[in-house]
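Undergrad: Protein chains in written order, with the working numbering: chain A, 20 to 314; chain B, 186 to 622; chain C, 38 to 338.
Derived by calculation from the structure, the hints in this document are not laboratory data. Values in this document were obtained by computation on a predicted structure and should not be read as measured data. It cannot be assumed that every hint is accurate.
As the list claims (entries may be wrong) - Per label pair, the in silico range of CB-to-CB distance: (1) B/Val-480 / C/Asn-100: 46 to 54 Å; (2) A/Gly-283 / B/Gly-206: 17 to 25 Å; (3) B/Lys-492 / A/Ile-80: 16 to 24 Å; (4) C/Ile-224 / B/Trp-511: 44 to 52 Å.
Unchecked claim - Below are the DSBU-like pairs computed for lysine-lysine, each with C-alpha atoms no more than 35 Å apart in a straight line: (5) C/Lys-227 / A/Lys-120; (6) A/Lys-166 / C/Lys-254; (7) A/Lys-68 / C/Lys-71; (8) C/Lys-71 / B/Lys-572; (9) B/Lys-386 / A/Lys-311.
Said to hold, decoys possible - So these bits of chain A aren't anywhere near chain B, every CB distance computed over 10 Å: (10) Ser-86; (11) Glu-110; (12) Trp-123; (13) Thr-128; (14) Phe-141; (15) Asp-158; (16) Glu-205; (17) Lys-220; (18) Glu-239; (19) Glu-262; (20) Ala-272; (21) Thr-273; (22) Ala-285.
Cβ atoms here follow ideal geometry from the backbone N, Cα and C, with glycine treated the same way.
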Amino acid sequence: MKLLKNKYWLPVLLLLAFTNKMIAQDSLAHELLLNISFYLPNDKIPYLKLSAKEKVERRFIPQKGISGSVYIGEENEINLLGQVNTNDKGEAIVYIPSSFKSIWDSSSTISFLVISEANKVFQSTKSEVQVTKARVEIDTVSTDGIKSVLAKVTSLNNGQWLPAKDVELKIAVRRSLGDLPVGDEETYTTDSTGTVTAEYKRDSLLGDTKGNLILVAKTEDHETYGNISVEKQVNWGVAPKFENLLDKRSLWATSSKTPFWLLGLAYSIIGGVWGTLIYLIYLLLRIRKLRKAAA
Amino acid sequence: METHQLTAAKITHDLMPQPFGMKGKIWTAALIIICAIGAYAYYRQLRYGLTVTNMGDYVSWGIYISNFVFFVAISLVGSLITAIFRLTNVKWSTPLTRIAEIIAVSAIVFASLIIIVDMGRPERLVNIFSHGRLQSPIMWDVVVISTYLVISLLLLYIPMLPDYKFMIESKGKGPKWMSKGYKFFGSFWKGTGEQTRISKKAVLILSILIIPVAFCIHTVTSWLFATTYRPGWDSTNFGAYFVSGAFLVGAGAVVVAMYVFRNAYKLQSYITVKHFDRMGKVVVMLALLYLYFNVNEYLVPAFKMKKHEEAHLSNLFAGEFAPMFWFAILIGMIIPILVLVFPKGRKPLPMFIAGCMVVIGAWFKRYLIVTPTLLHPFLPMHDAPEKFKHYFPSWEEWAIAMGSLAGALLIITLFARIFPVIPIHETIEENHETAEK
Amino acid sequence: MVTGLLASVAAAGCSDKDPFTPDTDQQVVASGQKVKLLSVDGEVIEVDKAFLKPVPELPQVSNTEARRGIPGKKFVMVIDLSRCKNLKKCQEACNHAHFVPDAQNWIKIHPMQDAEHEAPYWQPTTCMHCDEPPCVKVCPVDATFKRQDGIVLIDSDRCIGCRFCMAGCPYSTRVFNWEKPDLPEEISTKHYSCETSIPQKKGTVGKCDFCPDMVRKGELPHCVSACPNGVFFFGDMYEDSVSNGPETFRFSDLIRDKAGYRLLEDLGTKPSVYYLPPVNRNFKFEDGLKIEEERKNEKVK
């Protein structure tokens, strides 16, 4: 009763109600880290990769099922390249359909925009990337027994392909779980002519059955050019000779690959002992047979 | 002296299995209750998993395994008393052969059962036969244990054939199924010269065969530990160490059984003071042998104190396991030796106490072989629950372990109810021989 | 040119192809529906729609295949002790990815100090996948086995729970499912595969499996990707290269130059995990102790 007599009871009550809602919303304030990058493998089709993550404590957790609309240029229905959902790893890929040829050809620098749909956890998020068209090529040189890899980056400028300088490249040999740099340096930077030479120091590396290796030169999330890469097959590897571990007999092999000495020893002992036991059973049966004989 | 007054009739009467008196009934009932509690504990283990035990990722083997080793050890007595004494023409051990064999058989049966109890997936036991790897010491153990069981059963059955005649003839004294059983198992024995000859040949072959198999059984069991790298197990001494320990505990078990049967069935004329005296000397010799192997097993690594063995050895000599370690050595070996070295100590009652001490000391010795080593792994015990860093068996483990011991005793007890524990026929024969002399 | 582009488009959507094994299981069937896309020069290319979809999940590997392993590979791991701060992200990722039951850790990060005056350091310990595996030698039913790619796996459908392998392992890396693992419904009813080690089963043994399911997809094991300091490197000894994601090194050079060693070498187990000594650290060992405290407090809560 005393409370209601207080003339401020209504504002206080309303304030309490809203504060509750605000506190509840704060605890739900999740920030979506949306990223869009441009990929252009040499002589292949360019694509855009979306990546959706959330930072929880100190880890980045990939977000699945985020719906993103990708636009070429401004946010506009005609500019919509596609709408995709991120997968288990929080990634999605979008290609550039041929209908956008005119926009694509219009300038050497294109910008791409992704807008994610708001859902229960995240609000709508935007991310942009600007890309200047560029390409990278590699060539191999072998002089006096020293092998080198030559990489050249060119970018499109007013319809002309001009050398691009100060571009950091990774020049490596493709391996199944990573790319092994060809030399001691992690990255190689192009000079004013847009080229850089890397000494190939990976001798006697195993290749495929014919000794072929795949050389790779690529940029990693370059601010202007995105991710451009090129692959080239080269016969600098050694053909492998694999010995199947499972062919040998050993103590740790499967039951069908028991070492012969163990098989011999075990079966001769078991055979000897159980042979004797079978003989003994036979003796017992003989005793039994003799039950009809006179005492 | 007493044997002169014995006639065949008296011998037969004395040695025939008798129904349980009050003590026998209470004893059997107690054993059945302990077994039942063990069975209930096993039901809980089957339902909830091995988590009902206190084993953990470090102490992954506990008293089930130490009980297993204990049982396998005791089972060697069959080969000792029956085979070795037979082959060396020791006559005084004749009354003890059957006791030794039944202890061996029941111990081996429960060794197999307790191993199945220890398995995480007992229903997959058949995998050992369908997917077995001959490279594994467990396979060797399975083969040797089954072989030894068959040999022990044959060595129990074949020498007992002549006694069936007496058992069949004494019908009317027991339940009908017993006499039916006797007839089935032994009525074909007529005691003819030919049958006797074959039977003696069979027993001779078995006696020779069982000795290497007995050595194998405990050596292979010791290799379950010696084929690992762990401190305390990584020893070349293990085979001989285990076998000598097995003979000792087997002999101790026979001494205990001798005393109990002698008193329960009034067999003073058959298991005489002289028997105790001689068994006492056997036990002393075996205890000294086992003590010798113990010295080799512990003194030599202690001299070197290698890094990974240091913690384990210090723990045994002066740490957490020291009381148990010294208890096992004193009670299991030293005090029995001191008691039995003197003729007065080899009288029945002190022998019985010494026998009990040997057996109990041996049980703790097996526990000391399994658990302390597992508490000293090469890498630190870390990133694991606290409770994994200690081990004391849970009530379920105790119940099952005690249940298995009770079960073994139950088999022995029931055997004595159905069959004569002292070979009747052989006793009569030997009595005639000594009378003729 | 067009066929080349068609094939390369398939590659664009796929994971990295292995240069050694023939392209058998990544053949995509053309659907007949075509889509027009642009190349970098503005050329219009027609591509079959089927090639644009990412390659579907590889079918589950059969038990026989899981026992044989991936031919022509021998997996190794290099753990750089000079980078490990006991953050335990590897442990979290591994436990999470394999639904490892609560009391277990397949990766343990041990505080080590070999002798009084020697350096204290944090040592992440996985299964060593030894070339002379004592655990495989003693298994009575072939439930744990070594494959041709060097990985030692456990078949939880065959394991009888005798725990001899646990006694035999000198690295104490194996754990046992003493009770029924508390798994979410959809995981416990999943079809068991030795390569994923999911779902774990009561009464059987578990351990680190070098994530062969990830490796088949051309991805690194979970612990390797999860470590923020790049402590773990994983790769193929035949390819002679190990990677932690961003960095790739030539394995033989790395071990030779940084004096890599293996644990308990004198036992003769021939482990597949190499350690780089904890030299030139720019952090204190004691910092890792704080995380131990935090973990203990979390558990108490």
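Undergrad: So which of those numbered hints doesn't the model satisfy?
TA: As far as the earlier hints go, 2, 3, 5, 8, 20, 21, 22 are violated by this structure, in ascending order.
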